[in-house]
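Q: Next come the chains, spelled out residue by residue.
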Amino acid sequence: MFDHTFKILCVFLVFQTICFSQTEGMANIKGSRYIPLYGRDSTVVEVQDFKLDKYPVSNQQFLEFLKKNPKWQKHNILKLYADGNYLRQFKSDTILNDIVNPQSPVTYVSWFAAKAYCECQGKRLPTIDEWEYVAMADEDVPDARRKPSYNQQILSWYETPRTDEKTIGNSPKNYWGIYDMHGLVWEWTLDFNSVLISGESRKDVDKDSNLFCGSAAIGATDLMNYAAFMRYAFRGSIKASFSIKNLGFRCAKDIEVNP
Amino acid sequence: MRTLKNTKIKGINILFFVVVSLFMVSCFNNEKTVYEEAQDIPVSREMTAELTAPPNVPTPVGRRKAKKLIVEMEILEEEGELTDGVRYVYWTFGGTVPGSFIRTRVGDEVEFRLQNHPDNKLPHNIDLHAVTGPGGGAESSFVAPGHEKVFSFKTLNPGLYVYHCATAPVGMHIANGMYGLILVEPEGGLPLVDKEYYIMQGDFYTKGKNGERGLQPFDMQKAVDEHADYVVFNGSVNALTGDNAITANVGETIRLFVGNGGPNLVSSFHVIGEIFDKVHVEGGDMVNENVQTTIIPAGGAAIVEFRVDVPGTFILVDHSIFRAFNKGALGMLKVQGEEHEKIYSGEQYEGIYLPEGPGIQEMPTTNEIVESEIPAQNFEEQMKFGKQIYMQTCFACHQAEGQGVPNAFPPLAKSDYLNADVNRAIGAVVNGLTGEITVNGKKYNSVMTRQMLSSEEIANVLTYVYNSWDNNGTVVTKQMVDKVKGK
Numbered sequence: 001m002f003d004h005t006f007k008i009l010c011v012f013l014v015f016q017t018i019c020f021s022q023t024e025g026m027a028n029i030k031g032s033r034y035i036p037l038y039g040r041d042s043t044v045v046e047v048q049d050f051k052l053d054k055y056p057v058s059n060q061q062f063l064e065f066l067k068k069n070p071k072w073q074k075h076n077i078l079k080l081y082a083d084g085n086y087l088r089q090f091k092s093d094t095i096l097n098d099i100v101n102p103q104s105p106v107t108y109v110s111w112f113a114a115k116a117y118c119e120c121q122g123k124r125l126p127t128i129d130e131w132e133y134v135a136m137a138d139e140d141v142p143d144a145r146r147k148p149s150y151n152q153q154i155l156s157w158y159e160t161p162r163t164d165e166k167t168i169g170n171s172p173k174n175y176w177g178i179y180d181m182h183g184l185v186w187e188w189t190l191d192f193n194s195v196l197i198s199g200e201s202r203k204d205v206d207k208d209s210n211l212f213c214g215s216a217a218i219g220a221t222d223l224m225n226y227a228a229f230m231r232y233a234f235r236g237s238i239k240a241s242f243s244i245k246n247l248g249f250r251c252a253k254d255i256e257v258n259p
Numbered sequence: 001m002r003t004l005k006n007t008k009i010k011g012i013n014i015l016f017f018v019v020v021s022l023f024m025v026s027c028f029n030n031e032k033t034v035y036e037e038a039q040d041i042p043v044s045r046e047m048t049a050e051l052t053a054p055p056n057v058p059t060p061v062g063r064r065k066a067k068k069l070i071v072e073m074e075i076l077e078e079e080g081e082l083t084d085g086v087r088y089v090y091w092t093f094g095g096t097v098p099g100s101f102i103r104t105r106v107g108d109e110v111e112f113r114l115q116n117h118p119d120n121k122l123p124h125n126i127d128l129h130a131v132t133g134p135g136g137g138a139e140s141s142f143v144a145p146g147h148e149k150v151f152s153f154k155t156l157n158p159g160l161y162v163y164h165c166a167t168a169p170v171g172m173h174i175a176n177g178m179y180g181l182i183l184v185e186p187e188g189g190l191p192l193v194d195k196e197y198y199i200m201q202g203d204f205y206t207k208g209k210n211g212e213r214g215l216q217p218f219d220m221q222k223a224v225d226e227h228a229d230y231v232v233f234n235g236s237v238n239a240l241t242g243d244n245a246i247t248a249n250v251g252e253t254i255r256l257f258v259g260n261g262g263p264n265l266v267s268s269f270h271v272i273g274e275i276f277d278k279v280h281v282e283g284g285d286m287v288n289e290n291v292q293t294t295i296i297p298a299g300g301a302a303i304v305e306f307r308v309d310v311p312g313t314f315i316l317v318d319h320s321i322f323r324a325f326n327k328g329a330l331g332m333l334k335v336q337g338e339e340h341e342k343i344y345s346g347e348q349y350e351g352i353y354l355p356e357g358p359g360i361q362e363m364p365t366t367n368e369i370v371e372s373e374i375p376a377q378n379f380e381e382q383m384k385f386g387k388q389i390y391m392q393t394c395f396a397c398h399q400a401e402g403q404g405v406p407n408a409f410p411p412l413a414k415s416d417y418l419n420a421d422v423n424r425a426i427g428a429v430v431n432g433l434t435g436e437i438t439v440n441g442k443k444y445n446s447v448m449t450r451q452m453l454s455s456e457e458i459a460n461v462l463t464y465v466y467n468s469w470d471n472n473g474t475v476v477t478k479q480m481v482d483k484v485k486g487k
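These protein sequence lines are chains A and B, in that order.
Each residue of the first sequence is one higher than the last, beginning at 1 in the working numbering.
Each residue of the second sequence is one higher than the last, beginning at 1 in the working numbering.
Hints listed in this document are in silico derivations from the structure and should not be mistaken for laboratory results.
Where hints are given, some of them may not hold.
[What the hints assert, rightly or not] Simulated crosslink set (DSSO-like; lysine-lysine; CA at most 30 Å straight-line):
hint, chain 1, residue 1, chain 2, residue 2
1, A, 239, B, 149
2, B, 207, A, 173
3, A, 239, B, 154
4, A, 147, B, 222
5, B, 207, A, 147
6, A, 79, B, 222
7, A, 91, B, 149
8, B, 149, A, 115
9, B, 68, B, 149
10, A, 166, B, 207
11, B, 209, A, 147
[As the list claims (entries may be wrong)] Label-pair ranges, simulated between beta-carbon atoms:
hint, chain 1, residue 1, chain 2, residue 2, range
12, A, 156, B, 195, 39 to 49 Å
13, A, 177, B, 381, 29 to 39 Å
14, A, 177, B, 47, 52 to 62 Å
15, B, 388, A, 177, 50 to 60 Å
16, A, 156, B, 447, 52 to 62 Å
17, B, 338, A, 156, 51 to 61 Å
18, A, 140, B, 452, 47 to 57 Å
19, B, 286, A, 33, 51 to 61 Å
20, B, 325, A, 33, 46 to 56 Å
21, B, 134, A, 33, 52 to 62 Å
[To be verified] Away from chain B, derived, C-beta distances all over 12 Å, residues of chain A:
hint, residue
22, 25
23, 70
24, 138
25, 159
26, 164
27, 167
28, 172
29, 178
Model, not experiment: these values are computed from the prediction.
For every residue, glycine included, the Cβ atom is placed at its ideal position computed from N, Cα and C.
Pulled out of the complex, with its shape left as it was, chain A reads as follows (with noise of 0.2 Å):
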């Protein structure tokens, strides 16, 4: 269904937009089930196999993405894409800004954007489900919630000021092959406003939304769930025309199934 919509979006764009399909760079991901991150027993999600990007997209991709699709630079984007922030480390529409690094990750991305970028070669944003699933892994387990290291570590990042001027890929790679799930910048995800959390955390405790449910705020004293909520919180607050310093993204793409 996905490859049907993309065939369409094509042929729609075949003038600005230059797409092309590629799958070097990406990892396999074995699927499974598993409790995200702000666990509730009864919420079990299910995730297929699919193929996620190793790195997060860097500035120069998207400089490139840029100049094969005019319609995304900075002056032609259109305002209901993107909102006042957007690329804001380029100085013209194919030029980035002389400090900024082209190998860290972009950012100043709006959902469309990123959304745009993924679908042009063939793939897509992750799912919330799968990029969570993919980021509870380390360097040796696909599952280290319970580790107090990984936790430390993801939390010290939260406190770290301007990870994002960081180079891709410096850091260990996790147990799927994949670079800076945590440590450079937040990303975003195909479904990021699916959690609806109104802002007021404490409120949202008793709510009866399938993350915020009593059970699993109440009794979070576990460190991994305050990394959940924290990532959580951030998506809650942010909609798809947002281009922010701190959020770049990554694309997933369907195992092809041979017929």
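Guided by the hints, dock chain B onto chain A, whose structure is given.
A: Same frame as chain A, but now just chain B:
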């Protein structure tokens, strides 16, 4: 709704009345409009609120009318110094911990603009306890990095209120410094005083122990367990001491706006050597008088007022006292001016007090004295360690330069008594010394208690003494001390 007092009309010519009342209003302005409900107070104009960093507070509202008050507050996540050599990433309202002080009056319509700096990692919001409404504004102010949220509220209740961040995980946002105070003054303002200051307590949880150097990350487990490594006023151990002390002059009345951000600990706020003349209990209307220590709940505040009558340095503490002396909850108020001996005399006399006769004054402690784990390796180390012991043990009586105190404690500098007999000197330290002795031609009749020091320590301290202040340079060894002990 609007009730005008003093408007009794008894069948008088209406035109005449209008003229008179206009005259009254314009010339005397004695007619006071009293609103039964604060929500009915009209606002006259727009003004931008003055925000101040602690320990300062904005200008009092005085008699100004209720206004539309614009408050612009920027959220910054930034590294700062928790104490000497210990760095911490603070999350702040306005770049300081506690956040900027907001001063309003009853009836103000506050337009709050909350700005989340683009460099910040996290979304934030603000819950002001002065707000009547869901979440205290938290719901309406949830803002992503690089964005701004605006919401408005009317101040209905006078008092001193805490504000803080309420984004998940709430405890962590507060623990990292996201709290401050907003004052809502009553109509006409609080009575004027000479000095006003802003102080807010908070507890901090670091991965390393208190004093461990370097950039210390937040420790969630310690926060959950409520094991604070630091308890401080105004965000860091040295925020209110030394050059940062708050000041006043003798005779001035001081008002402290004291808050407690928590996240966990309740403060027993006390100023050593002062009695609070007035305390607005919990920051509300109730005034208690003559208070020694007032309790300030986490997420609560108090207004304390007192007149300073004598000069000196007054220490502000959380009287849960280990927090003050071991974790940093200590500030200073330096008062300058004339001594006032009727109120406080200062030291008048010091003598010797011998309650149970001489010779038995020793600390009731174990007789086992543990030898230092790191013995001095050479003369330089003996001098170094000896000086440390001297400053801890001997300094109080024999003084910094070994000069002693005339008529009370004999000198150690250029001391004939000391230099004449090293074993006698060792014996004095080991066993104590009582009775009349003559030192440098002067008679002393005093008591030196037996010192609870190890042989090694005695050797070091005596070596230090013998090699200072023109003494004869004897080097005392542990063996020499053991020999005297063995007698």
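Q: All hints, please: hold or fail.
A: Now for the hints, and whether the structure bears them out:
Between the alpha carbons of residue 239 of chain A and residue 149 of chain B the distance comes to roughly 13 Å, so the proposed pair stays at or under 30 Å and holds. Among the hinted pairs, residue 207 of chain B with residue 173 of chain A is consistent with the structure: their alpha-carbon atoms are about 26 Å apart, no more than 30 Å. Restraint check for residue 239 of chain A and residue 154 of chain B: satisfied, since their Cα atoms lie roughly 29 Å apart, inside the 30 Å limit. Our distance criterion of 30 Å between C-alpha atoms is met by residue 147 of chain A and residue 222 of chain B, whose separation comes to about 17 Å.
Among the hinted pairs, residue 207 of chain B with residue 147 of chain A is consistent with the structure: their alpha-carbon atoms are about 16 Å apart, no more than 30 Å. This hinted pair does not check out: residue 79 of chain A and residue 222 of chain B have alpha carbons roughly 46 Å apart, beyond 30 Å. At roughly 27 Å between alpha-carbon atoms, residue 91 of chain A and residue 149 of chain B fall within 30 Å of each other, so this suggested pair holds. Restraint check for residue 149 of chain B and residue 115 of chain A: the C-alpha separation of about 26 Å stays at or below 30 Å, so the hint holds.
In summary, the hint linking residue 68 of chain B to residue 149 of chain B is supported, as the alpha carbons are separated by about 17 Å, within the 30 Å threshold. A C-alpha spacing of about 24 Å is found between residue 166 of chain A and residue 207 of chain B, which places the hinted pair at or below 30 Å, so the restraint holds. Restraint check for residue 209 of chain B and residue 147 of chain A: the C-alpha separation of about 22 Å stays at or below 30 Å, so the hint holds. One distance hint, 39 to 49 Å for the beta-carbon pair residue 156 of chain A and residue 195 of chain B, holds here, with the actual separation near 41 Å.
At roughly 56 Å, the beta-carbon separation of residue 177 of chain A and residue 381 of chain B lies outside the given 29 to 39 Å, and the hint is violated. The beta-carbon spacing between residue 177 of chain A and residue 47 of chain B, approximately 59 Å, falls within the hinted interval of 52 to 62 Å. For the hinted restraint 50 to 60 Å between residue 388 of chain B and residue 177 of chain A, the CB-CB distance of approximately 57 Å keeps it satisfied. Distance hint check for residue 156 of chain A and residue 447 of chain B: the Cβ-Cβ separation is about 57 Å, which falls inside the suggested range of 52 to 62 Å.
For residue 338 of chain B and residue 156 of chain A, the hinted distance range of 51 to 61 Å is satisfied, since their beta carbons lie about 54 Å from each other. Checked against the hint of 47 to 57 Å, the C-beta distance between residue 140 of chain A and residue 452 of chain B comes to roughly 54 Å, which is consistent with it. The supplied range of 51 to 61 Å is met by residue 286 of chain B and residue 33 of chain A, whose beta-carbon atoms lie about 58 Å from each other. One distance hint, 46 to 56 Å for the beta-carbon pair residue 325 of chain B and residue 33 of chain A, holds here, with the actual separation near 55 Å.
Checked against the hint of 52 to 62 Å, the pair residue 134 of chain B and residue 33 of chain A fails, with Cβ atoms roughly 37 Å apart. No beta-carbon of chain B is positioned within 12 Å of the beta-carbon of residue 25 of chain A; the least distance is around 27 Å. Under the 12 Å C-beta cut-off, the non-interface status given to residue 70 of chain A relative to chain B holds; the minimum distance is some 25 Å. Listed as outside the interface, residue 138 of chain A is consistent with that label: its C-beta sits roughly 18 Å from the nearest C-beta of chain B, beyond the 12 Å cut-off.
The beta carbon of residue 159 of chain A sits about 5 Å from the closest Cβ of chain B, which is not more than 12 Å, so the claim that it is off the interface is violated. Not every CB of chain B lies more than 12 Å from the CB of residue 164 of chain A, the least distance being 9 Å, so the non-interface label is violated. Even its closest Cβ contact with chain B, about 18 Å, leaves residue 167 of chain A beyond 12 Å, as expected for a residue assigned away from the interface. Remark: the non-interface label on residue 172 of chain A is consistent with the geometry, its nearest Cβ contact in chain B lying 20 Å away (cut-off 12 Å).
Chain B leaves residue 178 of chain A outside its interface by the beta-carbon criterion, the shortest separation being 21 Å against a cut-off of 12 Å.
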